[in-house]
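Asker: Chain by chain, the residues:
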Amino acid sequence: MESFALEKLAVELNGTPLGAKDSFFTNLQDSRTCDENSLCFVRDAKFLATLSPNAGAVITTEALANEITATKNFIIVDNPYLAYARATQLFFEKYNENNAKIEPKIGTNVTIGKNSVINGNCVIGDNVVIHDNVSIYSCTNIGSNSIIHSGTVIGSDGFGYAPKKEGWEKIAHLGGVVIGSDVEIGANCAIDRGALGDTVIKDGVKFDNHIHIAHNVEIGENTAIAGQSGVAGSVKIGKNCQIAGKVGIVGWLEITDNVTVMAGTLVTKSLKQPGVYSGVMPVQNHKDALKFAAKLKR
Amino acid sequence: MESFALEKLAVELNGTPLGAKDSFFTNLQDSRTCDENSLCFVRDAKFLATLSPNAGAVITTEALANEITATKNFIIVDNPYLAYARATQLFFEKYNENNAKIEPKIGTNVTIGKNSVINGNCVIGDNVVIHDNVSIYSCTNIGSNSIIHSGTVIGSDGFGYAPKKEGWEKIAHLGGVVIGSDVEIGANCAIDRGALGDTVIKDGVKFDNHIHIAHNVEIGENTAIAGQSGVAGSVKIGKNCQIAGKVGIVGWLEITDNVTVMAGTLVTKSLKQPGVYSGVMPVQNHKDALKFAAKLKR
Amino acid sequence: MESFALEKLAVELNGTPLGAKDSFFTNLQDSRTCDENSLCFVRDAKFLATLSPNAGAVITTEALANEITATKNFIIVDNPYLAYARATQLFFEKYNENNAKIEPKIGTNVTIGKNSVINGNCVIGDNVVIHDNVSIYSCTNIGSNSIIHSGTVIGSDGFGYAPKKEGWEKIAHLGGVVIGSDVEIGANCAIDRGALGDTVIKDGVKFDNHIHIAHNVEIGENTAIAGQSGVAGSVKIGKNCQIAGKVGIVGWLEITDNVTVMAGTLVTKSLKQPGVYSGVMPVQNHKDALKFAAKLKR
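Residue numbers (my numbering), protein chains in the order written: chain A, 563 to 860; chain B, 563 to 860; chain C, 563 to 860.
The set of hints was computed from the structure by calculation and includes no laboratory data.
No experiment lies behind these values; they were computed from the predicted model shown.
One should not assume that every hint holds.
It does not matter which identical chain is used: a pair holds within one copy or between any two.
Claimed, not checked - Calculated cross-link-like contacts (lysine-lysine; reagent style DSBU-like; alpha-carbon spacing at most 35 Å): (1) Lys726 / Lys859; (2) Lys583 / Lys857; (3) Lys798 / Lys676; (4) Lys676 / Lys831; (5) Lys583 / Lys634; (6) Lys859 / Lys570; (7) Lys676 / Lys608; (8) Lys726 / Lys634; (9) Lys667 / Lys834; (10) Lys849 / Lys727; (11) Lys663 / Lys859; (12) Lys801 / Lys727; (13) Lys727 / Lys857; (14) Lys732 / Lys801; (15) Lys656 / Lys732; (16) Lys583 / Lys656.
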């Protein structure tokens, strides 16, 4: 990472620096874990309670800054989320350049298929099998004995944008992907890198084909996910879960250990108790389905 | 495109030519926009009202031809849709050959990843980033500053076939894909080329991973679509829409500007008013879900 | 395949050999079709009725072995499914090595795109078009005139694991994929190889983009499947079916000929009568949808 002086960053973000204007900050971090050498952002009072007491500096509004005691260093802006998005782009340039310089480390007895690409700063463990036409972006770790099937993409940017007057400002992604040992990833999956911090797939996890894992998801040991299921950003799934095919899990939810979700279910709330969950319309003869729907409506 | 004389085409399509049999036609077009140098087809009376007054010639049935005044040039067949499918194949051969001859035009400061393929007659704007293992078929335009993630396919044939006695006759695809500026396309997406005319993705559109865009879809400026959503053929989506993950939109529908569709919804009708739309079964403990379903049925 | 003596296999599987301990077996097979040179496994009494009378040897429990008359050769284990998973791994090594040695056979007038990979022991029929960045694993047959679009993966391992004390034991896949003639497979599809026996896609089948076909599925002639639909393991779909987009079909079901399944439906039971089937929640204005859901719950 490049270091930025608070004052210089404030200029780039069209904000006002407060505090130690000539201090240098080397990183952008999540507000909950931000250390003294790093910046974070706070866009809403609800994030104040979990703000790290060691945050080096905070991008926020004037009103919110008045309530923050963790630091005296601020970049005051009207729209902290938009300023954060722009900050990620500033830090990304150096992040990307540094990653590109670091040769991937490949373990012993690794099989790499034809036309598979492993970018800089990746670590591939022993006995890993990567099939053909796999794309691995920089900053991906894969543990030993894991298998990656063809067409899978690991480390693509997450789907993150700050809304602006016209359209969207891209949030550059400064995290990576950490995949454990004995993991198998099916064909044509896509696992996004983290925005700040990593996307984490623990040991023994098994993915079928066409699995979509968004940024900053965490999946616990030995959890298995069947075909065409998708997990939205920052979801945490526990250990030994079984997620059937075509399941969707919406963002920021938590699913505890030993949960089974049946096929086609959309999970719209955290599942805090182990057990079996479902929620689909029954398949019917279409005429019956129409009658059923009409009756329901009455 | 190759030119075909009306008479020759009629022979190839097992049809009867009427009118200027030795006139040459250079293109197949949509019946609504067909010009004097082109052919179109009409397979049902409901398409008569929108038939272009400048149509050069029409592939249709004898009965329908009697109602058409826009032109006197016809190829009379029993099954216009099947004849159209065969006509696309005739025109495709030259279309494909011509595209292959034209080197892609690549703008300045373009990044092209490893093993990405850009076929003939493509135009890639300035500052575009194409990651690894991307497949871009001929006749794809990508505007400046756009980003295409790994594994994505742009310009594959749409899913179009005319039913015939045994099975399906392929409709060759003579359109392309036009992607605007400041667009980001996630990993392992698939965007099909148009059948006649183009598939269009406007400026500022953002796609997450595994998005499926069928032939002749149009998506308005700054619309964002989350993971694993799919848009069927000829759908029009307006500007500034937010389509969440795992949404499906069935063919030929129109969605106006500023519509939000929540995760997992299947859109089965046009959405003509801005607003938020949804429609999913609630996730429940599976035993409760079974009781719920049983009660519903009663 | 390598041959294994019953006694040696029993040692590898931590089991007890019974019967002709020095007999050699060359293959693992499905219990319904197992021949005298092959082994199969029986893990539950419900599979006894369909056990092949010619089975060479059976991996099973002591209790189940007492009920089997088809053979006197057994490997007695506590957990037949787990022992079977380990047996697949033993046979896989040789299977894989042999496949790698056999050059693919490519027909006449075949087009193979850039960066597409065709592994050993494949057979590609005449006039086949394989677009760019396609991944074809060993033991895939593709019939003449078929078209495979970019990003598609054929022959990846199916999603099969035996549960063990901690996590999952991989079931190595010893089958292949057999695709008929005049088949078209869209972009970014994934078609898994069979576990024992093949995954079979019959003549004239058409797949849109992002189709997921699990291990040992069979799809009948001229069936068409639209975008983002998925078919779980061992499902049999008949001829001339039309499966719309975003449909899911759960494992082991049978769908007869001439069935239409509408978009977004999750098929949770076999469909034994031709006809049209559906089952989705209606899309509504979100406020109405919430009221509707609340009323349903009461």
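Asker: Given a CA cutoff of 35 Å, do Lys656 and Lys732 count as a within-copy pair, a between-copy pair, both, or neither?
Answerer: within (16 Å within a copy, 41 Å between copies)
Asker: Pop the pair Lys726 and Lys859 into one bin, within, between, both or neither, using alpha-carbon distances up to 35 Å.
Answerer: neither (39 Å within a copy, 39 Å between copies)
Asker: Is it within a copy, between copies, both, or neither that the alpha carbon of Lys663 lies no farther than 35 Å from that of Lys859?
Answerer: neither (61 Å within a copy, 58 Å between copies)
Asker: One pair to classify: Lys798 and Lys676, alpha carbons no more than 35 Å apart. Within, between, both, or neither?
Answerer: Intra 34 Å, inter 33 Å, cutoff 35 Å: intra and inter.
Asker: I want to check one pair: Lys859 and Lys570. Are their C-alpha atoms no more than 35 Å apart within a copy, between two copies, both, or neither?
Answerer: neither (60 Å within a copy, 56 Å between copies)
Asker: Between copies, within a copy, both or neither: which fits Lys727 and Lys857 at Cα up to 35 Å?
Answerer: neither (45 Å within a copy, 39 Å between copies)
Asker: Could you figure out if Lys849 and Lys727 sit no more than 35 Å apart (CA to CA) within one copy, between two copies, both or neither?
Answerer: So Lys849 and Lys727 pass the 35 Å test across copies only (27 Å; inside, 47 Å).
Asker: At most 35 Å between alpha carbons: which applies to Lys801 and Lys727, within, between, both or neither?
Answerer: between (42 Å within a copy, 14 Å between copies)
Asker: State whether the alpha carbon distance between Lys583 and Lys634 is at most 35 Å within one copy, between copies, both, or neither.
Answerer: Within one copy only: 10 Å inside, 79 Å across.
Asker: With identical chains, the pair Lys583 and Lys656 could be close in the same copy or across copies; at 35 Å between alpha carbons, which is it: within, between, both, or neither?
Answerer: within (21 Å within a copy, 65 Å between copies)
Asker: Between copies, within a copy, both or neither: which fits Lys732 and Lys801 at Cα up to 35 Å?
Answerer: both (33 Å within a copy, 18 Å between copies)
Asker: With identical chains treated as interchangeable, where does the CA-CA distance between Lys583 and Lys857 reach 35 Å or less: within a copy, between copies, both, or neither?
Answerer: The answer is neither: 67 Å in one copy and 58 Å across copies each exceed 35 Å.
When held up to the earlier numbered hints, the structure conflicts with 1, 2, 4, 6, 7, 9, 11, 13 and fits the remainder.
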